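**Student:** Residues per chain, in single letters:
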Amino acid sequence: MINRFILEKRLKSVVMHLILLSVAATCILPLIWMFSSSLKTQDTIFSNMHIIVSDPHWENYREAWTKGNFGAYFLNSVIYTVSVVGGVVFTASLAAFAFARLNFPGKNIMFYMFLITMMIPIPGSFIALYVLLQKLRLVNTRLGYILPQINAGLALAIYILKTFFEELPKDLEDSARIDGCGKFGVYWHIAMPLAKPAIAVIVVFNAMAVWNEYLLAMLILSSKSLMPLQRGLMVFQGAHITRYPLLMAGITIAVVPIVVLYLIMQRHIITGITAGAVKG
Amino acid sequence: MKVRILSVFVFLFFALTIFGCGNSDTKGKPDLVLWHWMTDREEAFLELAKRYEEETGIKVSFELYAPSDAYSQKVRASAQTGTLPDIYGLLAEKRDYAAFIKAGHITDLSDYMNGFIATNKDDYAKLIKKGFISDLTYDMEQKFKEWRRIFFKKALEVNIFPEGNQWGVKPGIYGVPIDVTNIQMLYNKDLFKEAGLDPEKPPKTWEEFIEAGRTLKAAGIPGLVSGWGEIWMIDCFASNYAMNIMGKDKVVATIKGKVPYTDPDWLKVFHLFKEMADEGILAPGIVAMVNKSAEQTFANNRAAFSFNGSWCVNVYRGMNPDLNYAAIPPPLVNKKNPMYIWGGAGASFLINEKSKAKEEAISFLKWLTYEPQQAFLSSKTNNLPANQKCLVDIPPILAQFADDMEITTHPSILPASEYSQVIEFFNKGIQSIIIGEKTPEEVAAKVQEVKERRMEWTKKREARKKQNN
Numbered sequence: 001m002i003n004r005f006i007l008e009k010r011l012k013s014v015v016m017h018l019i020l021l022s023v024a025a026t027c028i029l030p031l032i033w034m035f036s037s038s039l040k041t042q043d044t045i046f047s048n049m050h051i052i053v054s055d056p057h058w059e060n061y062r063e064a065w066t067k068g069n070f071g072a073y074f075l076n077s078v079i080y081t082v083s084v085v086g087g088v089v090f091t092a093s094l095a096a097f098a099f100a101r102l103n104f105p106g107k108n109i110m111f112y113m114f115l116i117t118m119m120i121p122i123p124g125s126f127i128a129l130y131v132l133l134q135k136l137r138l139v140n141t142r143l144g145y146i147l148p149q150i151n152a153g154l155a156l157a158i159y160i161l162k163t164f165f166e167e168l169p170k171d172l173e174d175s176a177r178i179d180g181c182g183k184f185g186v187y188w189h190i191a192m193p194l195a196k197p198a199i200a201v202i203v204v205f206n207a208m209a210v211w212n213e214y215l216l217a218m219l220i221l222s223s224k225s226l227m228p229l230q231r232g233l234m235v236f237q238g239a240h241i242t243r244y245p246l247l248m249a250g251i252t253i254a255v256v257p258i259v260v261l262y263l264i265m266q267r268h269i270i271t272g273i274t275a276g277a278v279k280g
Numbered sequence: 281m282k283v284r285i286l287s288v289f290v291f292l293f294f295a296l297t298i299f300g301c302g303n304s305d306t307k308g309k310p311d312l313v314l315w316h317w318m319t320d321r322e323e324a325f326l327e328l329a330k331r332y333e334e335e336t337g338i339k340v341s342f343e344l345y346a347p348s349d350a351y352s353q354k355v356r357a358s359a360q361t362g363t364l365p366d367i368y369g370l371l372a373e374k375r376d377y378a379a380f381i382k383a384g385h386i387t388d389l390s391d392y393m394n395g396f397i398a399t400n401k402d403d404y405a406k407l408i409k410k411g412f413i414s415d416l417t418y419d420m421e422q423k424f425k426e427w428r429r430i431f432f433k434k435a436l437e438v439n440i441f442p443e444g445n446q447w448g449v450k451p452g453i454y455g456v457p458i459d460v461t462n463i464q465m466l467y468n469k470d471l472f473k474e475a476g477l478d479p480e481k482p483p484k485t486w487e488e489f490i491e492a493g494r495t496l497k498a499a500g501i502p503g504l505v506s507g508w509g510e511i512w513m514i515d516c517f518a519s520n521y522a523m524n525i526m527g528k529d530k531v532v533a534t535i536k537g538k539v540p541y542t543d544p545d546w547l548k549v550f551h552l553f554k555e556m557a558d559e560g561i562l563a564p565g566i567v568a569m570v571n572k573s574a575e576q577t578f579a580n581n582r583a584a585f586s587f588n589g590s591w592c593v594n595v596y597r598g599m600n601p602d603l604n605y606a607a608i609p610p611p612l613v614n615k616k617n618p619m620y621i622w623g624g625a626g627a628s629f630l631i632n633e634k635s636k637a638k639e640e641a642i643s644f645l646k647w648l649t650y651e652p653q654q655a656f657l658s659s660k661t662n663n664l665p666a667n668q669k670c671l672v673d674i675p676p677i678l679a680q681f682a683d684d685m686e687i688t689t690h691p692s693i694l695p696a697s698e699y700s701q702v703i704e705f706f707n708k709g710i711q712s713i714i715i716g717e718k719t720p721e722e723v724a725a726k727v728q729e730v731k732e733r734r735m736e737w738t739k740k741r742e743a744r745k746k747q748n749n
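Line by line, the protein sequences give chains W and E.
No gaps in the numbering here: position 39 of the first sequence is 39 in the working numbering, and each next residue is one more.
Quick note, the working numbering runs 280 ahead of the 1-based positions in the second sequence.
Okay, chain W solo, but in the shape it has when bound:
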């Protein structure tokens, strides 16, 4: 009987692991294929389908970096990512704290209005956004590129953080007040440290979105000197011909920072997402 129980348990575990392994493979294989392709030449990429490259062309990375002007674009992407993520965390945490812990007229209506903005993807409002930025003289400026992205990231961030802040025990807030904290003190000394998992999720989600953003940059920016990293990748894609080895080398370079960020934040992410999802 016990043997049967153990056998069933092990069988379930094997099946579960097989499923998980196949899911993991579907995620990892494209990355391996990307890396492998980055070491091939333009003609071997179409004729040699092996993942392991016998004659790797490491110079593709150097060429991708220089031809794609990655040096300048990389710095721009860092500026945009830091600014947008910083802007989203700062603004959303203040707004979420207000929605969760303060009482003011129209609170719920305002919150739902924020949520509605989640339903409108940025490309859907491109032309209106362009007209607005043009009137504000923000077209082809860094600020004109950063502000719409902060705006786009706010709704989800407020939603996640609000659920966190709502769970804070009232006693904790009262104790802080007795110790002399004002409203901002409670937010900064009590709420923010406890919301680290949620902030990690917001940081990763927004950093990924900004790092990979391209369409908005094409719309708003004209000067090459202001373009983000993704602009560098476009150099390798023509209307009819794509230089795949260089493109793959470029993408490999581009994904490294975001993968590193994800790995650093990984342990907070599950807590953050589940908390937001279950309690929301």
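If you're looking for bench data, these hints aren't it; they were derived computationally from the structure.
Quick caveat: nothing in here was measured; it's all calculated off a predicted structure.
Check the hints yourself; a few may be wrong.
DSBU-like mimics (lysine-lysine), calculated; alpha carbons at most 35 Å apart, straight line [what the hints assert, rightly or not]:
#1 K67/W - K339/E
#2 K636/E - K67/W
#3 K433/E - K497/E
#4 K669/E - K67/W
#5 K135/W - K536/E
#6 K135/W - K636/E
#7 K638/E - K135/W
#8 K135/W - K382/E
#9 K339/E - K135/W
#10 K615/E - K708/E
#11 K572/E - K67/W
#12 K718/E - K67/W
#13 K739/E - K382/E
#14 K433/E - K374/E
#15 K636/E - K224/W
#16 K135/W - K374/E
#17 K746/E - K433/E
#18 K374/E - K745/E
#19 K374/E - K636/E
#20 K469/E - K538/E
#21 K538/E - K718/E
#22 K636/E - K450/E
#23 K572/E - K726/E
#24 K536/E - K224/W
#25 K634/E - K135/W
#26 K538/E - K669/E
#27 K638/E - K67/W
#28 K450/E - K548/E
#29 K708/E - K224/W
Use these hints to put chain E onto chain W, whose structure you have.
**Tutor:** This is chain E only, laid out in the frame that chain W set:
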């Protein structure tokens, strides 16, 4: 400590945000700004801009926005805010092209194209005096020849709005083609040899094509591959054969609603696809295949025929430099009618009517379309030049495409245009014939039904309009 971290963070945020609030280009403002989407021509364009600046002192900034969807969004958004550049390309159907002209975003170039007539000669002289075009390398005499004559006739057609055009646009030439393209049948000479066919005698008639397909099939070689998952390519193939079977006039009459799609000639067109499918000539999965996959299949010697555009020369060179192939017009079904193939201008540049540097922009485009620049562009990008005088030094395979420029046509230059819904049913119907889901007769009946419904709807709408007026 935390306050300090917050201060650093806030400082960093605002510093990064405000840093470079404006355009940080320090090289100075260009005299002309040109927007395009052609990533693969970027390097050649930048080199030409450098040469133009050296020759004339005019700085032209080529700004690349790709992919084409993002580019189109940018052009439309800029048109709404009146911030289009001096020169740009428009990726749009002709009715959108017409809308841009009517909104005053595109300059009529007819006078410039037809030669420098008196009204514009003064401006041209001014430009010469200003030194904008004084030290061009080509012969001075050439400048005063008619600009229009240098182009393939078909290259200009897409940019021409003729007298009485359906969009109500003032007749004229509104764009400058920088290259041309056409779509033809290609065959793999090595695979022909392998199947026992003569590689120097490609099929000229439909019967010969089917026979060659049978021989190739017997040798285990897939016949025709094409990107028929992108339905416009099916439309292209069907349109070629419709014009060959029934003649251009009858095709136009069908579009105008005077001939039904159930006409025996249209049934013949649909049956061609059934015949190819029944004979097993089509490459497996052709109806779901995007052109990129089709190109890969042909380049790797996995299909004997390909239906593809002249851009493929560059693509195949990249995928398999040793590919041994040639281009031929699609084999004729009806020897009494000519075979028309889709083609015309590849990319065209337009001049912003509201540009303050309109004359300079025109001079630049003239320069760009003359021989040295066109030859350079063609050699660097393997595209067919729009200037027909530059065909001397192009590769033989490109020359084969160039030879057939005179038999090109395109739906956008026909005197009538078909409803997009009809086109969709037409092309999807052909896909279902290929996979054996529907018969040619069923597809013809369905397409005609959609056509009649659309015509009825248009009639009612026009009647309502009249009533309201």
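**Student:** Now, for every hint given, state plainly whether the structure supports it.
**Tutor:** Now for the hints, and whether the structure bears them out:
Pair hint K67/W plus K339/E holds up; C-alpha atoms about 22 Å apart against a cutoff of 35 Å. The straight-line distance between the Cα atoms of K636/E and K67/W is roughly 33 Å, inside the 35 Å bound, and the hint therefore holds. A hinted pair counts as satisfied when its Cα atoms are at most 35 Å apart, and K433/E with K497/E does not qualify at roughly 40 Å. Distance check on the hinted pair: K669/E and K67/W sit about 33 Å apart at the alpha-carbon level, within 35 Å; holds.
Distance hint between K135/W and K536/E is unfulfilled; the C-alpha atoms sit about 45 Å from each other, more than 35 Å. At roughly 20 Å between alpha-carbon atoms, K135/W and K636/E fall within 35 Å of each other, so this suggested pair holds. Between K638/E and K135/W the alpha-carbon distance is near 25 Å, which keeps this suggested pair within the 35 Å criterion. Note on K135/W and K382/E: the hinted pairing holds, with a Cα-Cα distance of about 24 Å set against a maximum of 35 Å.
Distance hint between K339/E and K135/W is fulfilled; the C-alpha atoms sit about 27 Å from each other, no more than 35 Å. This hinted pair checks out: K615/E and K708/E have alpha carbons roughly 28 Å apart, not beyond 35 Å. Annotation: proposed proximity of K572/E to K67/W holds, straight-line Cα distance about 24 Å (limit 35 Å). Between K718/E and K67/W the alpha-carbon distance is near 50 Å, which puts this suggested pair outside the 35 Å criterion.
Only pairs whose Cα atoms come within 35 Å are accepted, and K739/E paired with K382/E is accepted, the gap being roughly 25 Å. Between the alpha carbons of K433/E and K374/E the distance comes to roughly 18 Å, so the proposed pair stays at or under 35 Å and holds. In summary, the hint linking K636/E to K224/W is supported, as the alpha carbons are separated by about 23 Å, within the 35 Å threshold. Between K135/W and K374/E the CA atoms are separated by roughly 30 Å; this keeps the pair inside 35 Å, and the hint holds.
For the given pair, K746/E sits about 39 Å from K433/E by alpha-carbon distance, which is inconsistent with the 35 Å threshold. At roughly 23 Å between alpha-carbon atoms, K374/E and K745/E fall within 35 Å of each other, so this suggested pair holds. Between the alpha carbons of K374/E and K636/E the distance comes to roughly 26 Å, so the proposed pair stays at or under 35 Å and holds. As the CA atoms of K469/E and K538/E are separated by approximately 43 Å, the hinted pair breaks the 35 Å bound.
For the proposed pair K538/E and K718/E, the alpha carbon gap of about 25 Å is at most 35 Å, so the pair holds. Among the hinted pairs, K636/E with K450/E is consistent with the structure: their alpha-carbon atoms are about 22 Å apart, no more than 35 Å. Using a Cα cut-off of 35 Å, the hinted pair K572/E and K726/E holds, with the two alpha carbons roughly 30 Å apart. Using a Cα cut-off of 35 Å, the hinted pair K536/E and K224/W is violated, with the two alpha carbons roughly 48 Å apart.
Restraint check for K634/E and K135/W: satisfied, since their Cα atoms lie roughly 19 Å apart, inside the 35 Å limit. Distance check on the hinted pair: K538/E and K669/E sit about 41 Å apart at the alpha-carbon level, beyond 35 Å; violated. Of the pairs offered as hints, the one joining K638/E and K67/W holds, with about 33 Å between alpha carbons and a cut-off of 35 Å not exceeded. Proposed proximity of K450/E and K548/E is contradicted: the alpha carbons are some 39 Å apart, above 35 Å.
Distance restraint check for K708/E and K224/W: the Cα-Cα separation of roughly 42 Å exceeds the 35 Å cut-off, and the hinted pair is therefore not satisfied.
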